[in-house]
Every structure is written in C-alpha cells, then in structure tokens.
Amino acid sequence: MPPSRHVIACATVIEEMLPLVPPGVTCETLDFGLHVDPARLRRALQEAIDRSEAGEVILGYGACSKAVIGLQAKRCTLVVPRVDDCIGIFLGSAAAYRQQARKEPGTYYLTKGWIEVGDTPFAEYERLSRQYGAERAERIIRQMLNHYTRLALINTGRHDLERYRAYARRTAERFGLRFEEIPGSDALIRRMLFGPWDGEFVVIPPGGTIRYEHFFPVEPASDAEVLPHEDHR
Amino acid sequence: MVDRLVTAIAEMREEEALAITRELLGAGTPPTQILDDCRAAMEIVGQRFEQGKYFIPELILAGEMLKAISDLVKPHIKQEAEVKKLGKVVLGTVRGDIHDIGKNIVGFMLDANGFEVYDLGIDVPPEAFVEKVREVQPQVVALSGFLTLSYDSMKETVEALKAAGLRDRVKIMVGGGTVDEKVCTYAGADAFGADAMAAVTLARQWTR
Chain X
20 MPPSRHVIAC ATVIEEMLPL VPPGVTCETL DFGLHVDPAR LRRALQEAID
70 RSEAGEVILG YGACSKAVIG LQAKRCTLVV PRVDDCIGIF LGSAAAYRQQ
120 ARKEPGTYYL TKGWIEVGDT PFAEYERLSR QYGAERAERI IRQMLNHYTR
170 LALINTGRHD LERYRAYARR TAERFGLRFE EIPGSDALIR RMLFGPWDGE
220 FVVIPPGGTI RYEHFFPVEP ASDAEVLPHE DHR
Chain H
27 MVDRLVTAIA EMREEEALAI TRELLGAGTP PTQILDDCRA AMEIVGQRFE
77 QGKYFIPELI LAGEMLKAIS DLVKPHIKQE AEVKKLGKVV LGTVRGDIHD
127 IGKNIVGFML DANGFEVYDL GIDVPPEAFV EKVREVQPQV VALSGFLTLS
177 YDSMKETVEA LKAAGLRDRV KIMVGGGTVD EKVCTYAGAD AFGADAMAAV
227 TLARQWTR
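Residue numbers (the working numbering), protein chains in the order written: chain X, 20 to 252; chain H, 27 to 234.
Hints listed in this document are in silico derivations from the structure and should not be mistaken for laboratory results. Since no wrong hints were added, every one of them can be taken at face value.
Which bits of chain H does chain X cover? Going by a derived footprint, with three or more residues having C-beta under 8 Å, they are:
# : segment
1 : 78-86
2 : 111-125
3 : 164-175
It should be emphasised that the depicted structure is a prediction, and the values quoted were computed from it without experimental measurement. All C-beta atoms in this analysis are idealised placements derived from N, C-alpha and C, irrespective of residue type, glycine included.
Input sequences plus hints: build the corresponding full structure.
Here you go:
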C-alpha cells in the first residue's frame, strides 16, 4: 500500500489544488496572513507537520521568505516545490516565474485567492488609511508601489474570473499600473499531488531537515539551466 | 532623557519631527547632533521592525522623515568647515529587483555618517556596477535586494567585478529582505548587514 498523503497549503494555494486532489489525500489550510511573518509561518508549518500522521506531507508553499527552511520531516517524507513563492506554483514552474520576472521586474501579481484574502493594494490602502489618514496612506502606498509598472492577474483557467478581472483592472487603474492577464498553469500542482518529484522539488526523507541549500544551491540548479541567468527578477 | 526628536521620528510623528528639527537648527544645534538623533531613531525603528511591531509602511514613513530632515539640515552642514568624507560607497538594488525602500535608508545613513554615496538606483545590471566602480574607485560596494530572486543577481554582480579585475579593490556588502549570511556566502560577498546601521558599521571598518 502506498504511503498516505497529506497536503498542508496556504489559503491562496489550496483552492487551486482542491479540484485536483485525489480521493484519500487529506488537506489542511493555513492562514494566508502568516506569510508576512516567516518565523510564525515556520512554527505553524512545523506544528502541522508534527500533527500529521501521513507518510508523505506535501507543502503548498514555496521558499516563502525562507519560512520553510529549517522545517523537520521527523516521521514523514516532506515534499515542497522548489519555487521562490506561490507565484511560481500558479505559473507552473520556477522557470516560468523567472521568465515573467525577467520580462518585467516591477510586476504586482494577483490571483483569485490573493484578492479573496484581501492582499491587494486597495486593501492595504484601506488599512493604512485607518491608521495614518488618507493623505499619508496615499503617500505610503505610492512608495510601496514605486517602480511597479504592471499588475498581472494570473489566470489558472480553473475559475470564472470576471469579477476578479474587474477588480484587478480597477486596482491597476487606481494605482497607475498597466493591467495584464497572464496564463497560469497547473503543471506544478499536478506533480505536487501525483509526482514525479523531480529536480523541481525538495524531497526530505524522514528525520531530515529542509536546508537553505535545497532552495538556493551553491551550484546553479537544474531549473537555472533551463533559462540562462542573463536577466531576471 | 530620550531626545524629543528621536521619539517623534520613532513614533512616526512626522510634522512634529520636522518642527523640532527647524527649532533645533534655529537654536544653533550642530547638524551632526541632529543626524545622530536620526540615527538613534532609526535604530529604534529597525528594532521594532525586527520585533514585528513595525512593517514596511513605517519604514517608508521613517525614510521620508529622514529625507525631509536631511533636506533641512544639509544647507547648515555646508556652512561648517569642509567635512572630510570617510570613503566612497557604490550602492544599488541588483538586477531584476525594483525594491528600494531599505536601500534608500542605507544610502541616507551612509551619507549622514560621512560617506560619499553613489546610488545607482534599482534593477542595476552587473555591468553598471562594474562601470561605476571603475569610475569612482570606491572602497565599498553595497548590493541590495528584497526578493529571493535577487540572490543570483548578487552573485552575478560579484562575479562581474571579479571578471573585471576589480574584486580585490573593493569590499562588498549585501543586505535587504531575506538576505543573510548564507546569501553573502552564496554571492561571494564579504559581509551581510542586517540593517542600515550595520551597513554603516561595516563601511567604517572597511575604510578605517
């Protein structure tokens, strides 16, 4: 019998995974807000890993500000896609992410999930307004988006995006960004769930720990060779 | 007694900070003392950021206050005897990254502490660093990056300096976002600085 599988994913990632999750694989969602505090996210992930009794635990995360570095597999095999953050998951590979980032470093990415959990310039502006007043909030948000030129809505093809597209367009207009819709891909998510866990994944055997070198190898890694490092975000 | 200016900056009270600065300058307070207060305030802001009490918006507000204060203070510095610069620093956000809030604070702090800062801006290709280093011959190169995607650019910038035969003439520091000791080693830089004060401390050591 194959080992049981359990998915622990960020709230923004899980909904792209759920439609593909095969029977028998259990899922667990962690709060999206954890991503701003890598140490807290790491603790929450470790607790969730330790709680799970599955033989294989798949993380619906990327390196995420290095929050996953230091996580211990203990009893299970731990699997994480080797991407910088969830944008790489939505775009289908680390290489696709780098390609987008190289094309236009000043890109603010949005997905249906990000819009739903309220991590958008509009939402940030509202929060800042309450704290610092409208005038200062406007100045802060302009600074935060300084040098950003494009707002890219990732279309994973899995949802009706009309409402989100309208919201993303409004956001782009309001904050002086160019709106663009870019295609996503479920290629990485499929392989997270079904394998093979090749070089695009960090696979940690029981008792092992995710180390820095797994995500940022001193020698250029396989995905880095796919696209030469001439220019990137 | 905690200085009023330090408190005003650390508590994000912008108008009050500027009013106090004007008042101090009017009373003949030495500009260096005002800049010392800015430094002390930035240390508090940095600590609170580290502790999760402050976030990016507070760094932006602090950065704006520093800029406004330095604009007020600068004309007074020029009237003093010529300040001997401690050394030159070429600074920039590496290629592929456009984040400069932290880099700008580092630039301000280096400037306020007597360094001649050449800020190349954002998304700076390795060749631009090489060119500037060749031109101004700094003792220090400071590479900033916010995204994990910037680590490779830092590495490429160090390699470009090496290829140009300039690596041994400069000390290179890296910092920003999630950058740490490991990234420093990865990039082949000389040191990692956790915040703007660390950048100043490193630059001082390297130009002694």
